[in-house]
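Colleague: Full structure from sequences and hints, please.
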Amino acid sequence: MAKNRSNKISLITGLDDEHYQTDSSNMANANANIFTQQLKLKEEAKLAIVLGAKMARMQVEFERQAFNKKRSSFYDLMGINANLDKPLNIDILEEMNIGQLQAIINDLYCLIETNNDELVNLLIERDSLSMEQDSILVDIEDLQKRVEERAMNQSKQSSLNEPTQYVYIVKRPQQNISKKSILQNLLQKAMII
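Residue numbers (this note's numbering): 2 to 194.
Think of the hints as simulated: they come from the structure by calculation, not from any bench.
Note that the structure is predicted; figures quoted are calculated from it, not measured.
Hints are supplied without guarantee of correctness; some may be wrong.
[As the list claims (entries may be wrong)] Restricting the straight-line Cα-Cα distance to at most 27 Å, the calculated cross-link-like pairs of lysine-lysine (DSS-like) are:
#: 1; residue 1: K146; residue 2: K47
#: 2; residue 1: K43; residue 2: K55
#: 3; residue 1: K146; residue 2: K157
#: 4; residue 1: K55; residue 2: K41
#: 5; residue 1: K146; residue 2: K41
#: 6; residue 1: K146; residue 2: K43
Modeller: And the structure:
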């Protein structure tokens, strides 16, 4: 009778040794996975920060070269050698007619407008990326705090060597109970709590 009673208690409270061992090994594996993921994310973030600056410089240089090609094609149409090393000087401008000068002025106005639009878009993108970076850093800090808390809880639990208690809910076969009696039962349980 006493042996049967101890089996019932272990089933009700869930203090089965096999269950405890598998649960603790699962938690240890989960903690190890969390730590490895944290280290992996840190390394990826460091790499992204280092490569991000280099990639941005490369992108700016690429766009600058594309812009120079576009600008030189306009001046080629005008019959002007437009090396950026040699800016337009007064001698070249004096030889031009009004139409050519007006075309250059219009091109410069378009260039200014294009650059202003691009600057606004880049500033908006920079702000967006900065906000995204801030949110990612906050998420990383939150995850790091959770990992540390979980490690503390795990160390406390392992130092106490207390088995985890489980609560099992056994579903009874469906009975014909009216909705009113279900509501009354729930209210009674709520009042007890």
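Colleague: Holds or violated: K146 and K41, Cα atoms, limit 27 Å.
Modeller: 16 Å, holds
Colleague: Please verify whether K146 and K43 have alpha carbons no more than 27 Å apart.
Modeller: Cα-Cα ~14 Å, so holds.
Colleague: Taken at face value, is the distance from the CA of K47 to the CA of K146 at most 27 Å?
Modeller: At roughly 19 Å apart (the allowed maximum being 27 Å), K47 and K146 satisfy the hint.
Colleague: Are K43 and K55 close enough, with their CA atoms no more than 27 Å apart?
Modeller: 19 Å, holds
Colleague: Hey, K55 versus K41, does the alpha-carbon distance stay inside 27 Å?
Modeller: This hinted pair holds, its Cα atoms lying about 21 Å apart.
Colleague: Is the straight-line distance between the alpha-carbon of K146 and that of K157 27 Å or less?
Modeller: 16 Å, holds
Hint compliance for this structure: every hint is met.
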